[in-house]
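Enquirer: Line by line, the protein sequences give chains R and C. The first sequence begins at 346 in this note's numbering and counts up one residue at a time. The second sequence begins at 145 in this note's numbering and counts up one residue at a time.
To be clear, the hints were calculated from the coordinates, so they are not data collected in a lab. Where hints are given, some of them may not hold.
What the hints assert, rightly or not - Derived DSS-like pairs (lysine-lysine); straight-line CA-CA distance at most 25 Å:
#1 R:612 / R:595
#2 C:334 / R:389
#3 C:267 / R:391
#4 R:391 / C:334
#5 R:459 / R:489
#6 R:459 / R:491
#7 R:420 / C:249
#8 C:334 / C:217
Claimed, not checked - Label-pair distances were calculated between CB atoms; the ranges are:
#9 C:194 / R:392: 23 to 31 Å
#10 C:282 / R:594: 48 to 56 Å
#11 R:371 / C:335: 21 to 29 Å
#12 C:194 / R:442: 25 to 33 Å
#13 R:439 / C:408: 40 to 48 Å
#14 R:411 / C:370: 23 to 31 Å
#15 R:442 / C:247: 13 to 21 Å
#16 C:176 / R:577: 46 to 54 Å
#17 C:202 / R:438: 41 to 49 Å
#18 C:282 / R:371: 38 to 46 Å
Since we're looking at a predicted model, the values are computed, not measured. Note that CB positions come from ideal geometry on N, CA and C, so glycine has one too.
If you want the building blocks of each chain, they are given just below.
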Amino acid sequence: MTETNSFKLLTRRRFDSSSLVVLWNQDVGRLGPKIADYLTRGLKCKVLAEVSPEGFFSLGGVTVENDVAQFPESKFLGCKNRNLVIFKSDIPRLDWYGFINIILDAAQKYFKIKEIYTVGGMVLPGAHTAQRTVLSVVNSPNMKKKLAAYDVVHNMDYETRDEQRPTFSSYILWAARNRNIPGACLWVPVPFYLMTVEDPQACKKVIELLDEHLKLGINFKDVDSDILELNQKIEQVREQSPELDGYISKLESNLGLTAEEGEKLVKDMDELLRGSHLT
Amino acid sequence: MGVRIYKAPKLVNPVLIACWPGIGNIGIMAVDMLRRMVAAEELGEIESFEFFYPRKVVIKDGELKSLEFPHNKFYFKKTAGKDLLFFIGEEQPTESGGAYAEGIKAYKMANLVVDVAVRFGCKRIYTSGAAVAPIHHTTRSRVWVVPNMSDLLNEVRSYENTILMSEVEGRDGQGNITGLNGLLLGVAKKRGLEAICVMGEIPIYVHGFPIPYPKGSKAVLEVLGVALGLKISVDEVDALIQQSDSEIESVYEKLPPEIKEQLDKLKYVVYSKPPKPITEEDKRKILQEIDKLFKKDAGTD
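Model the full structure from these sequences, guided by the hints.
Expert: Dropping the structure here:
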């Protein structure tokens, strides 16, 4: 790779044909940071390297979210005794292609990756009790074959609409294909009213797939306990608010909500669920 | 190139208080007063020529004697409680000519400040700035507090006369802290240090005035005093408040009656979630009037 000031290797560890999982801090249902948290805690991952924010983020101050100052982070984490590398990062604001090349250069040179998986949430216009299925978008027929063995929808058709832009995960997948690195974007549905809070059920769906496919040996205790806690909290909300219960019941019966009803459900759930340790 | 440290004091459990100029000079005035109050000694500096354009040349007898750059100095003070380390920057490094730091130079400077903090064993940093708020200049400024770790929220909540972003109407806990007083929080977070930014309120219609706002500085000083366990003397800042109050009043009196009437509503805003006394349109008109007033005054000086 081209040595730059942007990439800093902090720990040298031998990898051979590892898998890279890319997780973004900005994701619906806080999917990226939560999955990173479950994996790094469960697999005792350590920071291997980081990408400096210079040139990729504005650095004109800090943003404040939930009363706390935030700062862009982009780090590689390695999991002991598993050939797994996680890249957890904020999505860059500038020089996207340069950023992608730094990730892929480092992943190939230092972590010897053989494949790449990115994870993202997609908004589900349904209830949290609905069955979730992971959708995959691959960059090679081989990867499609690999994932065919799992409960994954792998025949999605989609085109970016005029007013939208491709996701950053798609950008990475394309760049990986140009280097002959097989890869897949794993998309998991997140109910629209959990977009701004957390959705451990969606996290579990992805982790289960990664666990099975990459033979990680994950202990699901933490994520199961978070799912239970969130479900109990939603049940309490439903008991206390017949209006919100009615909206969720409609969704469970596959009925749509009006724009106003949907907005109220999002707003109220955000207010009621924020403050639980899950958020 | 970088940092020059002149002394090697042994500091115990030190805390860094860092500040650069910003709106109403609220933060820098408070931090510099605190530095003088505790009689902190000069410790070192960040070499400025890498970051700034020179601000003064001295030529004598046709010979260039010196070129002066904005100062960026460190100070220290050993106390009975926490030892103190100060950093005071006279200007924010910027790559686009704006007033607030941004870009690679800003990031580099923030890292140099954190380098010194780490070198002397600091685990906590305070920065300070201004919070532009819908308040009246006759009311007491509060202090908006933003920590860089959620573990610090309970502590900052306990400081008197402070509010969190989530307690400010319409913010929902979100916002931005521009410039180095904010960026330093981020860099500290990245490097595992606790940091808290304390921002004194400045009335929305005063923040464009070309004068400092010591009332906001006093509020910051009081919070820093409690946070650092220091007894603060407010005599100096009170004298400045008296002076600035009369300057603001003289401008205020010149405002058109309908604008004053709008601004007077702010006197009755006593909490952070007011019943929206001034609309965005009102705000725009008020700021335009104030701008006009200053342009007029500047022309007659």
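Enquirer: Check each numbered hint against the structure and report the violated ones by number, ascending.
Expert: none
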